[in-house]
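So the sequences go chain by chain: A and B. Under this note's numbering, residue 266 is the last one in the first sequence; the count climbs by one each step, no gaps. Under this note's numbering, residue 273 is the last one in the second sequence; the count climbs by one each step, no gaps.
Hints are supplied without guarantee of correctness; some may be wrong.
As the list claims (entries may be wrong) - Computed list of lysine-lysine pairs in DSS-like fashion (alpha-carbon distance at most 30 angstroms, straight line): (1) A:K13 to B:K113; (2) B:K158 to A:K228; (3) B:K117 to A:K13; (4) A:K228 to B:K117; (5) B:K254 to A:K235; (6) A:K242 to B:K113; (7) A:K243 to B:K257; (8) A:K240 to B:K121; (9) A:K228 to B:K121; (10) A:K13 to B:K121.
The set of hints was computed from the structure by calculation and includes no laboratory data.
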Amino acid sequence: MGNIMIGRFVPGKSVVHQLDPRTKIIGTFVFILLMLWANTWSTYLVAAIFVWFTILLTQQPLKMYIDGLKPIFWLLAFTIVLQIFFTGGTPVLLHFGFIKVTLPGVINALFVMFRFVLIILMSTIMTLTTPPTSIANALESLLKPLKSLKVPVAEMALMLSIALRFVPLLMDETQKIMNAQKSRGMSFSTGGPVKRAKAIVPLLIPLFVGALQRALDLANAMEVRGFKDAEHRTKYRILKYKKQDYQAFASLLLFSIIFFSVLYLI
Amino acid sequence: MENAIKINNLTYQYQNQTTLFQDFNLTIDPGQWVALVGHNGSGKSTLAKLIMGLLTPTQGGITVFNQVLSESTVNDVRSQIGMVFQNPDNQFVGATVADDVAFGLENNEIDTKLMPKMIAKTLEIVGMSEYQDREPHTLSGGQKQRVALASVLALQPKIIILDEATAMLDPEGRQAVMATLTQLKEQFGDALTLVTITHDMDEAALADRVVVINDGQLILDGTPAQVFSEADVLHHNGLGLPFSGEVVAHLNQKPQKYLNESELISWLSTSNK
Ligand SMILES: Nc1ncnc2c1ncn2[C@@H]1O[C@H](COP(=O)(O)OP(=O)(O)O)[C@@H](O)[C@H]1O
Ligand SMILES: [Mg+2]
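Produce the complete structure using the sequences and hints provided.
Here it is, written out as structure tokens:
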């Protein structure tokens, strides 16, 4: 449970930590869009340098980022295999019966891998340096225009930030229940898939009951502190773009210009 | 004189259950510190939720500072009462200590510019100033409960109800919360009415008045000295005595009336001469 890196926030004082969460969300979003465009070696090189540079700015050990890639390893391997085997073209490098490995297939697979890895790294930079509730806050601010379409943006953001706040608590609880049941002889890691799935049931029931009780308690606690609805409230944390955010946007623009120059000129 | 809380002929029953409260009456004066005690399931939390308007009485009325609790007054009434619950984790709404205190201020549409000062002030009262930016999972239970108390204080309530706020804490956390309460009572005096729900008799002994309920019935009501003299009645209702009372129960030669810890110590040192 402890080694899930995606979505984990590590407090710090780096420039990236201090950026407005909206800047980081927009930056990550733009970067992902550009990566869907990238299809030459040089574009991946430019993107890799940009990611590398940002990673250095976060002042976090590289190991954190490598750990962040681990959970997607199998997904990555699976996609690469698919790309290698099912991209046609010539020249053919290897031949096993009806399966052909072609040079375009290998190149395609490598591109997909780079794309995946770079996107995950960029998203890890965002989640590693931004508290989850700030992300929720930023999403609320960015999605504000949807309010005119009657989308309950404020409610959704509040729900998201409360949900995120309870994640560590529920993780702890899962671990406790697992330990309690292991001490009664339950095993979660042996037997076939059916047996393992069955072992999950006595884990889920107390977990759900506990979560429900928490939800009821929390609703009471919110109500007695004057919560009426998500709309009629002021805000303690007001987001404000600062100098470093403009610098970040300038770097993003510069990166995009270089990216497209490399894409179309080289 | 106006009452802080007046409960008048209250009847309440949960759906599909037998009647819990039947014609229940209780008045609490402004500035009083009342300990509400009773064993598990005796109806203490239900009573607190009724006062907060989280549950609606089947019959009878609740008045808070001359305001009759109803659907149209519930928000006004709530703004005068703060409540701290038992489980420290299930009432921490914000991502950090400061955000949690801010939650109530945001709900009451306090100007953003005023918040930092108000937050700093209330955190100082409960002695949690240095923890302002900490996340809840890095705090002890006692610290979380003090933050909960600060969150309530930030809204400047006239009444604070604590529903077994120390029940899930270790002795150290319990001590810290009770010390904070004692200090609050000294600081605010008659401007603050306290209702502490507990089944820890040592905590109840700190109050001005102890009210014992069982199955929605008022069993005893008086000063700690009066209530703790009724050891048999308490025992019959599943409750014990404070530490000093338990010591006396095992003495051969007993004092005439209930003594608290310091009184007992001086009695012991004089009577045995
Ligand atoms: N939400 C509920 N629905 C039905 N019955 C309840 C509910 N909450 C409490 N009760 C019942 O009401 C009685 C009093 O409970 P409660 O007020 O929580 O007691 P206390 O706080 O003194 O331990 C108990 O018998 C309990 O089972
Ligand atoms: Mg209770």
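For each hint, the structure was consulted:
| no. | hint | result |
| --- | --- | --- |
| 1 | A:K13 to B:K113 | holds (24 angstroms) |
| 2 | B:K158 to A:K228 | holds (21 angstroms) |
| 3 | B:K117 to A:K13 | holds (24 angstroms) |
| 4 | A:K228 to B:K117 | holds (24 angstroms) |
| 5 | B:K254 to A:K235 | violated (60 angstroms) |
| 6 | A:K242 to B:K113 | holds (18 angstroms) |
| 7 | A:K243 to B:K257 | violated (72 angstroms) |
| 8 | A:K240 to B:K121 | holds (25 angstroms) |
| 9 | A:K228 to B:K121 | holds (25 angstroms) |
| 10 | A:K13 to B:K121 | holds (26 angstroms) |
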